[in-house]
Amino acid sequence: MLYNLIDVLGTIAFAISGVLVAMDKRLDVFGVFIIAFVTAVGGGTLRDVLIGSTPVGWMTQPNYVVVIVITVVISILFVDRLKNFRKSLFLFDTIGIGLYTMIGIQKGLDTGLLPIMCIALGTMTACFGGVIRDILCNEIPVIFRREIYATVCILGGGIYFLMLQFPINPTIAYITGILCIIVMRLLAVKFKIALPNIYSK
Amino acid sequence: MLYNLIDVLGTIAFAISGVLVAMDKRLDVFGVFIIAFVTAVGGGTLRDVLIGSTPVGWMTQPNYVVVIVITVVISILFVDRLKNFRKSLFLFDTIGIGLYTMIGIQKGLDTGLLPIMCIALGTMTACFGGVIRDILCNEIPVIFRREIYATVCILGGGIYFLMLQFPINPTIAYITGILCIIVMRLLAVKFKIALPNIYSK
Amino acid sequence: MLYNLIDVLGTIAFAISGVLVAMDKRLDVFGVFIIAFVTAVGGGTLRDVLIGSTPVGWMTQPNYVVVIVITVVISILFVDRLKNFRKSLFLFDTIGIGLYTMIGIQKGLDTGLLPIMCIALGTMTACFGGVIRDILCNEIPVIFRREIYATVCILGGGIYFLMLQFPINPTIAYITGILCIIVMRLLAVKFKIALPNIYSK
Chain F
1 MLYNLIDVLG TIAFAISGVL VAMDKRLDVF GVFIIAFVTA VGGGTLRDVL IGSTPVGWMT
61 QPNYVVVIVI TVVISILFVD RLKNFRKSLF LFDTIGIGLY TMIGIQKGLD TGLLPIMCIA
121 LGTMTACFGG VIRDILCNEI PVIFRREIYA TVCILGGGIY FLMLQFPINP TIAYITGILC
181 IIVMRLLAVK FKIALPNIYS K
Chain G
1 MLYNLIDVLG TIAFAISGVL VAMDKRLDVF GVFIIAFVTA VGGGTLRDVL IGSTPVGWMT
61 QPNYVVVIVI TVVISILFVD RLKNFRKSLF LFDTIGIGLY TMIGIQKGLD TGLLPIMCIA
121 LGTMTACFGG VIRDILCNEI PVIFRREIYA TVCILGGGIY FLMLQFPINP TIAYITGILC
181 IIVMRLLAVK FKIALPNIYS K
Chain V
1 MLYNLIDVLG TIAFAISGVL VAMDKRLDVF GVFIIAFVTA VGGGTLRDVL IGSTPVGWMT
61 QPNYVVVIVI TVVISILFVD RLKNFRKSLF LFDTIGIGLY TMIGIQKGLD TGLLPIMCIA
121 LGTMTACFGG VIRDILCNEI PVIFRREIYA TVCILGGGIY FLMLQFPINP TIAYITGILC
181 IIVMRLLAVK FKIALPNIYS K
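Chains as they are written, first to last, in full-length UniProt numbering: chain F, 1 to 201; chain G, 1 to 201; chain V, 1 to 201.
Isolated chain F, as found in the complex (with noise of 0.2 angstroms):
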């Protein structure tokens, strides 16, 4: 119930921030729900292609789809308005970004890999969408570029999997990944922490 509730709100979130990107690049009502589509269901996509679970998830959740409709149609007529949403839509993505990691991870244990595969499954889920999206709109993806983001979640998938080395119940294991992802990337934004810069001009 809580799970669906995060679950839809971390696609709302996702589905609005393609909206965003999309009404930027002044793209067609078409364009602009493709792009809301892809970037909340391309990350779980991706993972599903990669691991042959196919049909992939959306296509037999009609529920995504739905969601994702609304959303669109109702960022569109409220788009100005959504700037005054701005700190709750960046808590839905944080809070969809750490569901949606733990989903990939959980999905890669049923598909017997490593740890190690799991995660980068994981990271993938929470991340690639936003990388379609980008790509689809000829932007650099903005995760190659900026902002402390996949690191989290790759920092929280390992925090998860060291947990299990304990005797701990895995449903609790699991939910403090979800937070650690959420509170990290609420710290490294709050104090402007960023990847160490690589280039010495």
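Since the hints were made in silico from the structure, they are not lab data. There could be a bad hint or two in this list.
Copies of one chain are not kept apart here, so a pair can be met inside one copy or by any two copies together.
[Unchecked claim] Think about it this way: if two alpha-carbon atoms lie no more than 30 angstroms apart in a straight line, the pair counts; the simulated DSS-like pairs of lysine-lysine are:
1. Lys190 with Lys25
2. Lys25 with Lys192
3. Lys83 with Lys190
4. Lys87 with Lys192
5. Lys87 with Lys190
6. Lys192 with Lys83
Using the hints, position chains G and V against chain F.
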């Protein structure tokens, strides 16, 4: 027989559209071939990957490769005269879109997907070759920016499923779906019907 | 043993080419790693997805991830000195292309595909890591614009299948295919052989 002929004409039209975009970007002959190939088979390939129908279609049907190679060679040799066939090309392209949409829908039904997902799959089959073409050529996909294109696929698919509610021969519904897409696209282009503008300024 | 060594050298060369393109775009350290990773494993991943060999190769072979991580770290630390190894890198890269092409062809044969499709699959394995790298970096893929690169993969694959028509030991045909690709590419670059120009002006 007729079906195969239409399929070949559609493939040719899609491949030529790839050649024209690629030559506009002054790619070398290998690049032109790849773009033509991807434009012609990209939509069906994405569809097959997403539903897990592998090896993907063109890999087991070498006739596609043969048709596309011949199309590319002839197109490059006579590129200056291609303009004279603009209207025929547009017609083949439109017929291809109608056919590909219904092929995709049929594949979705065979996979046991819901009607709304079948329509998404059909639209993808018809439109995503062009999307991949534009991404490889470093452009924002043209169908996200203008022209009623995907929209007629969605409407045509909707009409098909509507007809299936009534005691109508499925083959007739199938053909009607294709014809509706073709006619709607021709009308939309003739009367310059566009999607509603969502930008206030 | 030798085979594994070549595979590792090829992976390193591909990863370094990714690091160089990514640093040229001034991506952050996470972006550099992803581009290096995608360049090294992207071609094989696309191949595995298209033939339905999932989970895709690198997911079950963590040594690729380890090799790439080490390569990226060393490359970033000593990026200024990488120029001195330009010739070695080009050689590794060429060896990698020869090997990857034949690995892809072998996978195609195991899947029961026709020779022409196996050659397409081999060429894809060798070349599409670079294509995905360029798309992620918002460039038109370099292999569509210049340099005999894919063409030597196609020719090498053709030579391999030609040899299989004669009573030749398959392993010898396999190694000859790899060597042909390597030699043809070295000659093409040395003598500046290019694809015929298809543009009149």
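Hint-by-hint comparison with the structure:
| no. | hint | result |
| --- | --- | --- |
| 1 | Lys190 with Lys25 | both (28 angstroms within a copy, 27 angstroms between copies) |
| 2 | Lys25 with Lys192 | both (27 angstroms within a copy, 22 angstroms between copies) |
| 3 | Lys83 with Lys190 | within (19 angstroms within a copy, 39 angstroms between copies) |
| 4 | Lys87 with Lys192 | within (16 angstroms within a copy, 41 angstroms between copies) |
| 5 | Lys87 with Lys190 | within (12 angstroms within a copy, 46 angstroms between copies) |
| 6 | Lys192 with Lys83 | within (21 angstroms within a copy, 34 angstroms between copies) |
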